[in-house]
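Number of protein chains: 2
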Amino acid sequence: MVGIPELTKGQFDIVYNTTSFALAAMLFASIFLLVSQGRVLPRYRTALVISAMVTGIATYHYFRIFDSFKDAYVSFAADGAGPFGLVNGLAFNEGYRYVDWLLTVPLLLVETVAILTVTQTESRRLLLRLVPASALMIILGYPGEVASDNLTRGLWGAASTIPFLYIVYILFVELTKSIEDQPGEARDWVKNLRWVLLASWGFYPIAYMFPMMGFGGADAFVARQVGYSIADVIAKAVFALLIYRIARLKSFHDDAAFARQELSTKDFVSDGPPEREPVTSAP
Amino acid sequence: MVGIPELTKGQFDIVYNTTSFALAAMLFASIFLLVSQGRVLPRYRTALVISAMVTGIATYHYFRIFDSFKDAYVSFAADGAGPFGLVNGLAFNEGYRYVDWLLTVPLLLVETVAILTVTQTESRRLLLRLVPASALMIILGYPGEVASDNLTRGLWGAASTIPFLYIVYILFVELTKSIEDQPGEARDWVKNLRWVLLASWGFYPIAYMFPMMGFGGADAFVARQVGYSIADVIAKAVFALLIYRIARLKSFHDDAAFARQELSTKDFVSDGPPEREPVTSAP
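Top to bottom, those sequences are chains A and B.
For the first sequence, the working numbering gives the first residue as 7, with consecutive numbering after it.
For the second sequence, the working numbering gives the first residue as 7, with consecutive numbering after it.
The hints are simulated quantities; they were obtained by calculation from the structure and are not laboratory data.
One thing to keep in mind: the hints can contain errors.
As the list claims (entries may be wrong) - Okay, derived cross-link-like pairs now, DSS-like style, lysine-lysine, Cα gap no bigger than 27 Å in a straight line:
1. A:LYS15 <-> B:LYS183
2. B:LYS76 <-> A:LYS76
3. B:LYS15 <-> B:LYS76
4. A:LYS15 <-> A:LYS76
To be verified - Far from chain B, by Cβ distances over 12 Å, these chain A residues were calculated:
5. GLY86
6. LEU134
7. PRO149
8. PRO211
The C-beta atom is built at its ideal place from N, Cα and C for all residues, glycine as well.
Sequences and hints are given; from them, build the entire structure.
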C-alpha cells in the first residue's frame, strides 16, 4: 500500500479509538441480534441470524485490525507521547478489511434480499446476480489498495467500480420496487434502509480514491482508516438494526396475537401498533 | 489529558482493583440480564436486552481500561513496591471511557424510556430529543477531558453541560410524570430509579471538574478513575437491576397467570403480588 506514515499522538489515538469503537459496535450488534430472535416471527429469523454473522465476522476482523495497528505502531517517546512509527518489523495489515468484505458483503446482500423479497424465486433471481458481482468487486479492488502507485490503484479501482455500480443500481431499483409491497410502518423503514445503504456504500470508493486525489501522508491514512471503520459500522451494525426493526414491524403486521404479546396494552387502545385487532368499542 | 502523574503503590492498587471490580460487576450484570429473560413478559424483554448491551459494552471497555492501565504503568522498583510511572511508550488511554459513553448513554436512555413509557409514539417522541442530546454531550466533553489546560477543559465542559442538563431535566420530568402510570409496587421502584439516575449521572461532571478545582496530580487522577468507575457501576449495572425489578413487577401486574407461575403460593394468600386472582375465602 501507499507507504504508512509516522503519526502524531493525536492521530494514533483517533485510529486506535475508532477501531476499538467499531469492534465494540460490531460485537454487541451481533449479540443483540442473536438474543433478540424471539422478538420477531420465525420466518424473519434467518435475516437476523445472517445479519449477526456479518457483524460477527466484522468483530473478528476488527479484533485483528486493532491488534495489528497496536502492534505495528510504537511510540518513539518513553512516556507514550509519540510520534508513532513502525519500528518492529510489523506492518499494519490492510488485507484484513478485504478478507472481511469478501465474506460479509455477499452476506449483507443475502440479509437485505431476505428481509425485502416476498418469494423464494424472486430472492434466488436477485442473489444469483448480486453475490458474484460483490465477490468480483472486492477481488478487483484489492490489488489497487495495496499498489504503491496511483496508476495501478486507479486501474483496479475503475475495474472494481463496474460491479459496484451494478450492485448499487440493482439494489436501489429493487428496494424502491419493494417499498410498495411493505406493510404499513415498515414502508418508512425500508425507505430509511435505502438511504443508509447508499450513504454507507458510497463512502468506500471515496476513501479508496484519497491517495489518487493528492490527499496523502498521515492525514489521508487516518481519514481512510476512520472512514472505512465508520462506513463499516453503518453498513453492518446500523443496517442490521434497521433490518431488525423492519422484521419486527412485519412480524406485528403478520400476526396480531404476536403483536399483542410484544407490545404494551396501551398501544392497542390509544394510538396503536402498525396492525391491530379490530377494536369495536374504541373511539 | 492533564499529565498522568506518578503513583504510589497504594494509589496504583486502588485504580487497579476498582477497575477490576467494575469489570466483574458489568460482566455478571450482563449475564444475569440475558439469562433472566424468561422472568419477565415478552413485552419487557427488549428493555432487559438493551440493559445487557449497555453493561456488555461497558464490560468490553473495562477490559480495555484495565489492560491499558496495567500495561502503561510500570513499577520503578524491582520488587513492585513503586512508585509507578509511564515507562514503556504506552499512555493510559482515557479515550475508552468516551467511546463507551458514546455507545452506552444513548442505549441507557433507550432502556429507560422502554420501561417507563406506555405507548410507542410517546417513546419515539422522547428518544428523538434524548439520543441526539446525549451524543452531543459526550462529543463536546471529550476535547476538554484530553486538554492539558484548565481553560480548554472548562470551555468544553461548559458546552457539554448544556445537553447534560437538558437530558437530566427531560428525564426527571418524564420519570416524575410516569410515576402516576406505574402499577402498584412498581411505582416505588420508579421513584428509586429516579434518584439512582440523578445521583450517578450527577457524579460525572463533578469528576470532570476535579482538575479545575485545583484538585490535581496523582490524587485527582485516582479520584477521577475511581469516581468514574463507581458512577458507571451505579448508572449501568445497578440501574439495570432496577429496570429488571420494575419489568418483573409490571409483568406480574399485566398477567396474573404469569405471576402465579413465578411466585410461591404463599405470596398469594399472605400479602399478594400486585395483581392476584380473586381469593374469595381469604380474610
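Hints, verified against the model:
1. A:LYS15 <-> B:LYS183: Violated - the C-alpha atoms of LYS183 (chain B) and LYS15 (chain A) are around 48 Å apart, more than 27 Å.
2. B:LYS76 <-> A:LYS76: 16 Å, holds
3. B:LYS15 <-> B:LYS76: The given pair, whose Cα atoms are some 13 Å apart, holds under the 27 Å limit.
4. A:LYS15 <-> A:LYS76: 13 Å, holds
5. GLY86: Answer for GLY86 (chain A): violated, closest chain B Cβ roughly 3 Å.
6. LEU134: 36 Å, holds
7. PRO149: PRO149 (chain A) clear of chain B: closest Cβ-Cβ about 34 Å, beyond 12 Å.
8. PRO211: 27 Å, holds
Going through the hint list in order, the structure does not satisfy hints 1 and 5.
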